[in-house]
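Visitor: The lines below spell out each chain.
2 protein chains.
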Amino acid sequence: MPKKEENQGITIKKSQDFSEWYNEVVIKAELAEHSVIKGFMVVRPRGYAIWEHIQEYFDNRIKKLGVKNSYFPLLIPEKFFKKEAEHAKGFAPELAWVMDQEQREKYALRPTSETIMYDSYANWIRSWRDLPLRLNQWCNVLRWEVKQTKLFLRTREFLWQEGHCVYETEEECEKETLIYLKEYKELCEELLAVPVLEGKKTEKERFAGGKTTYTLEALMPDGKALQMGTSHNLGQNFAKAFNIKFFGKDEKEYLPWQNSWGFSTRLIGALVMMHSDDKGLVLPPRVAPTQIVIVPIYFDDKNKIIKKATEVKNMLKNYEVELDDRDGYTPGWKYNEWELKGVPLRIEIGPKDVEKKQVVLVRRDNNKKEFIKVTQLDKKVKETLEDIQNSLFNKAKKFLNSSIVEAKNWNEFVKQIKNKKLVKVFFCGNVKCEDEIKEKTDGATSRLISFEQPKKLGKCVHCSKEGKFLVIFGKAY
Amino acid sequence: MPKKEENQGITIKKSQDFSEWYNEVVIKAELAEHSVIKGFMVVRPRGYAIWEHIQEYFDNRIKKLGVKNSYFPLLIPEKFFKKEAEHAKGFAPELAWVMDQEQREKYALRPTSETIMYDSYANWIRSWRDLPLRLNQWCNVLRWEVKQTKLFLRTREFLWQEGHCVYETEEECEKETLIYLKEYKELCEELLAVPVLEGKKTEKERFAGGKTTYTLEALMPDGKALQMGTSHNLGQNFAKAFNIKFFGKDEKEYLPWQNSWGFSTRLIGALVMMHSDDKGLVLPPRVAPTQIVIVPIYFDDKNKIIKKATEVKNMLKNYEVELDDRDGYTPGWKYNEWELKGVPLRIEIGPKDVEKKQVVLVRRDNNKKEFIKVTQLDKKVKETLEDIQNSLFNKAKKFLNSSIVEAKNWNEFVKQIKNKKLVKVFFCGNVKCEDEIKEKTDGATSRLISFEQPKKLGKCVHCSKEGKFLVIFGKAY
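One line per chain: the protein sequences are A and B, in this order. If you count the first sequence from 1, position 164 lands on 155 in the numbering used here, and the numbers rise without skipping. If you count the second sequence from 1, position 293 lands on 284 in the numbering used here, and the numbers rise without skipping.
None of these hints come from the bench; they were simulated from the model. Honestly, I wouldn't trust all of these hints.
Note that the list lumps identical chains together, so a pair holds whenever it fits in one copy or between two copies.
[As the list claims (entries may be wrong)] Mimicking DSS-like on lysine-lysine, the simulated pairs with C-alpha atoms at most 30 Å apart in a straight line are:
hint : residue 1 : residue 2
1    : Lys55     : Lys19
2    : Lys231    : Lys173
3    : Lys373    : Lys55
4    : Lys80     : Lys70
5    : Lys423    : Lys293
Please build the complete structure, drawing on both the sequences and the hints.
Guide: The structure is reproduced here in structure tokens:
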């Protein structure tokens, strides 16, 4: 009596209604679902396991760079926000408040932790010996969004990591701000198989209170850009606001330099959009909680087949393998189920396979089927999983590359934005000009200022004033 | 120019003012500190690293038992609390509220997640095939305590894990409720070297909304008991309140059985109180973020000594080792620093040691010093760390055993409670009687109903009615 038989698969095509398709994949693959509380989500075990993979990968990486984990309060006193005016203004619309009746104080649920952390930093940092200070925290944050909820991409509460470092010199700070960006790029590309563009944000899109924001942008299959992570060089803005000072080796007092950097569970959303298909979730093997599922095919010879399947499972100790030996479900039903749930590789074992000392290997990404001798299994599984990982990345990379176009003038620009392209143009950098571009194109925003800039710059695509840099515009999540 | 030279060590003796001593150890060992927000704490990297060790140990254990991690919203709608009346009443005084202006709904910051999780469970559970469902989450919770803040022990926000399982049968539920209690006991005793007593809570101390609460209690050196973790058999109370039902194999509808179980960062507090001394933090090696510190002693031969110290460090790859090669601090200052911070083992290397191919090994727990040939190092370090772990446990166990006494009558009971003992007595189980005991003894509460009960029971130590069971009373945190 299999449950949800009739409604097992994805009912909407990716090409038909991307947004609804995405929602259905997330829910039916049991990654997450909408909470009864408006704007909130429940991250289910299959979704959370992806987050644990991301955490494990990244946590190891930053610990090697000398970053340590810590935990700061969820609540932020109202007065802290006021200390850095631009920061306060940037976050004000998204804050949720708790009132302490007894203290008559108002606290915001943290939307990010610069202010509460730097208040402590001011107490801890005394001399150059205390620097660099490199802390990170894995936690929940709240931003009271009014736009429509989208699982993993836009919810009022989400999980993230936020790194907050303090340095003696501007050079060191800038250098490491870019090192964390590089770590993010590797995480996106090597673990999640999502290719990204790197660059700097324009003044309009910069982090509230920071000096320079570096960003990674991926392009989703519907032509919308998605910000994957940001690393902010905060300059000395917060040090001034929170009175962080240190005595240098020369025993004089200085203001330190700071950065902060973060990514969130939104990465899971990117992953799902990028690789999944009309049959459901597709996961790159390196981040898949279950990498291989073994489906035994038996009639009246169950014991024999299960025994063989168990042997095969034991041969694959280096992988996350599940043996689906549930009764009451047909093999076909199980295939659909595991395809829906995004397991990268399926192994089928039936009576004939046992006889021939072989198994059937089926790839989730392209559905290719291969008969493999059991003696070759370990080698073949390794190769196949690597190949799936690489193919997913290459496919996404090809799409990204083919989606970046240049526009020589305003008309071309508008046309290419309508074509759902990432459009590379000269831009004056002016906030008002950028506002106008957004308005006239029904939402195109500057995604990044490319790291590679030509020697000779042209006129701004919109206002025709002197271009300041080459910028990529696009619509975004 | 070493910082905080004058104020480096602990200034209060453990025997003199236990509470102030504890506070000083936590702050000076840089485990945590009080936040500017009343009742909140900042967990610093050295404290958080202990939490990470606890998480890693426990997370591995429960995953082997089939538990999966997930994440549910921080906020809980007011109406959810009202569904289980006793639960609502129990937590009402400690709730902090957020108001959604737009929705006109009131949400509590989670003090525990039964209600928000079981609302989802009701949607997910359909048939016996969906059971057992075993989920856990690692998260922050808020309980708006009015009593004085105590770092790790009583703060308005703390970190914890909460496991929530659902079963087909009462037997299975009860069996696993006790399995998680056993896991907690092993965590406390094997990892933290804190011996615990196991038992059941009386009606008065039971979890609000549950059927039976099992508990682990440790005894702190000041004679106060500390609850280390609880595992609640919830019976069918929440299933009824949240309408969780399943179809059995016989296709009839049933209410399932549930448990929930949790421990928090308060374990770090227990650890610190239990083992630390007048020089500062003492940590059992298995949970110590740094297990060994190497302090080189040099005059004009720095390079030679550092080279040797580095060799020694490389020999100890299986351990968490720090080489303190900072200039400008004397070896003596460094010894104090690392003793304060609780590193279990110190290795000193000076010119004479290099000559004699030896190092000096100094234990943090008993200050014993030994000269070890470098060839013997690996073996000796292993033995010594194990011995430290065991000695700390044995010392604590001896203290616990010697602190449990029996009382034949009320006068003896009162006297032994004053003596800061755990007092074993027959008790009627009546809530009112227990309230009176608490009042008359200035705070003694029942800690647990022992698992081992005598065949013949005596009269209640307080009201002289029929005793229902043998109970351990004591003062508690």
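Visitor: Now, for every hint given, state plainly whether the structure supports it.
Guide: These are the hints, each one checked on the structure:
Proximity of Lys55 to Lys19 under the C-alpha cut-off of 30 Å is restricted to the inter-copy arrangement: shortest distance 26 Å between copies versus 37 Å within a copy. In the homo-oligomer, the alpha carbons of Lys231 and Lys173 lie at most 30 Å apart inside one protomer (28 Å), although the nearest pairing across protomers, at 52 Å, exceeds that limit. In this homomeric assembly, Lys373 and Lys55 come within 30 Å of each other (Cα to Cα) both inside a single copy, at 27 Å, and across copies, at 25 Å. In this assembly of identical chains, the alpha carbons of Lys80 and Lys70 lie at most 30 Å apart only when taken from the same copy (13 Å versus 34 Å across copies).
Within a single copy, Lys423 and Lys293 get their C-alpha atoms no closer than 71 Å, and across copies no closer than 61 Å, so neither meets the 30 Å cut-off.
Violated hints amount to a single one, hint 5; each of the other numbered hints is respected by the structure.
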